[in-house]
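Peer 1: As you go down the protein sequences, you meet chains A and B in turn.
Quick note: the first sequence uses the numbering used here, first residue 1, plus one each step.
Quick note: the second sequence uses the numbering used here, first residue 1, plus one each step.
Calculated from the structure, these hints are not laboratory results.
Check the hints yourself; a few may be wrong.
[What the hints assert, rightly or not] Keeping only pairs whose Cα atoms sit at most 27 Å apart, straight-line, the calculated DSS-like set for lysine-lysine is:
| id | chain 1 | residue 1 | chain 2 | residue 2 |
| --- | --- | --- | --- | --- |
| 1 | B | LYS68 | A | LYS3 |
| 2 | A | LYS57 | A | LYS71 |
| 3 | A | LYS71 | A | LYS18 |
| 4 | A | LYS3 | A | LYS70 |
| 5 | A | LYS71 | B | LYS54 |
| 6 | A | LYS18 | A | LYS57 |
[Said to hold, decoys possible] The following label-pair restraints were derived from C-beta to C-beta distances:
| id | chain 1 | residue 1 | chain 2 | residue 2 | range |
| --- | --- | --- | --- | --- | --- |
| 7 | A | THR83 | B | GLU17 | 20 to 26 Å |
| 8 | B | ASN10 | A | ARG9 | 37 to 43 Å |
| 9 | A | SER80 | B | SER7 | 37 to 43 Å |
| 10 | B | SER51 | A | GLU56 | 26 to 32 Å |
[Stated by the list, open to error] Short, incomplete list of chain A residues facing chain B, as computed with Cβ under 7 Å:
| id | residue |
| --- | --- |
| 11 | ILE60 |
| 12 | PRO61 |
| 13 | PHE105 |
| 14 | GLN107 |
Ideal placement from N, C-alpha and C gives every residue a C-beta, glycine not left out.
Okay, here's what each chain looks like letter by letter:
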Amino acid sequence: DVKVTQSSRYLVKRTGEKVFLECVQDMDHENMFWYRQDPGLGLRLIYFSYDVKMKEKGDIPEGYSVSREKKERFSLILESASTNQTSMYLCASSSTGRTSTEAFFGQGTRLTVV
Amino acid sequence: KNEVEQSPQNLTAQEGEFITINCSYSVGISALHWLQQHPGGGIVSLFMLSSGKKKHGRLIATINIQEKHSSLHITASHPRDSAVYICAVRPLSGSARQLTFGSGTQLTVLP
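Between the sequences and the hints, there should be enough to build the whole structure, so can you do that?
Peer 2: See the structure below:
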């Protein structure tokens, strides 16, 4: 049973704190993604990585950074959390193939910044 | 303008009804995904399509590449089908690894 696992389902953090969201996949996928999901806006891509130590900005990278030191793990970092980063965060992974491949999602982390 | 438009945004049906959710997109794509998100957040992939039609149980997904349109049908709907259904496309241009998402359709099936 393939899996993308996010470290927390719910998090409450204070403004200004440094926040780490962790994502692990067990499918040996090259590509990993971090999205945030807000009502009415759908899923928006924050960052993605297509290989270890490689990263690319998505549509809304401001206020976030990422780390991919190992193939199976992709971390999202909020350097100084702010209330407008209160959101649902979703991690996903996919393989790189010549034809389009399926994406697998984690269960989501609901982050509240107070 | 969103590249992926879904309709309706919200849908309420009675148990047993036939349900259709529509997705239109404006760019050339290599594949279209239908995803399901239950309350609590986790997303499950239902279908990945590049042409024609796929069926899994009571779910049917179709795509018309020329018209840039896809539909998700649910036959004999059940309250456990209540969820958000999300259409996502993988554009031909730009990074082939990325998906572009619609804003989702909230489906509620009443007993």
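Peer 1: A separate judgement is required for each hint: does it hold in the structure or not?
Peer 2: Okay, the hints, checked on the actual structure:
1. LYS68/B / LYS3/A: violated (31 Å)
2. LYS57/A / LYS71/A: It holds: about 18 Å lies between the C-alpha atoms, which stays within 27 Å.
3. LYS71/A / LYS18/A: The given pair, whose Cα atoms are some 23 Å apart, holds under the 27 Å limit.
4. LYS3/A / LYS70/A: holds (16 Å)
5. LYS71/A / LYS54/B: violated (32 Å)
6. LYS18/A / LYS57/A: holds (20 Å)
7. THR83/A / GLU17/B: 20 to 26 Å: violated (41 Å)
8. ASN10/B / ARG9/A: 37 to 43 Å: violated (26 Å)
9. SER80/A / SER7/B: 37 to 43 Å: Between SER80/A and SER7/B, where Cβ atoms are some 39 Å apart, the hint holds.
10. SER51/B / GLU56/A: 26 to 32 Å: holds (29 Å)
11. ILE60: With a minimum Cβ separation of about 13 Å from chain B (threshold 7 Å), the hint on ILE60/A is violated.
12. PRO61: Hint on PRO61/A: violated, closest Cβ of chain B at ~13 Å, above 7 Å.
13. PHE105: holds (4 Å)
14. GLN107: holds (4 Å)
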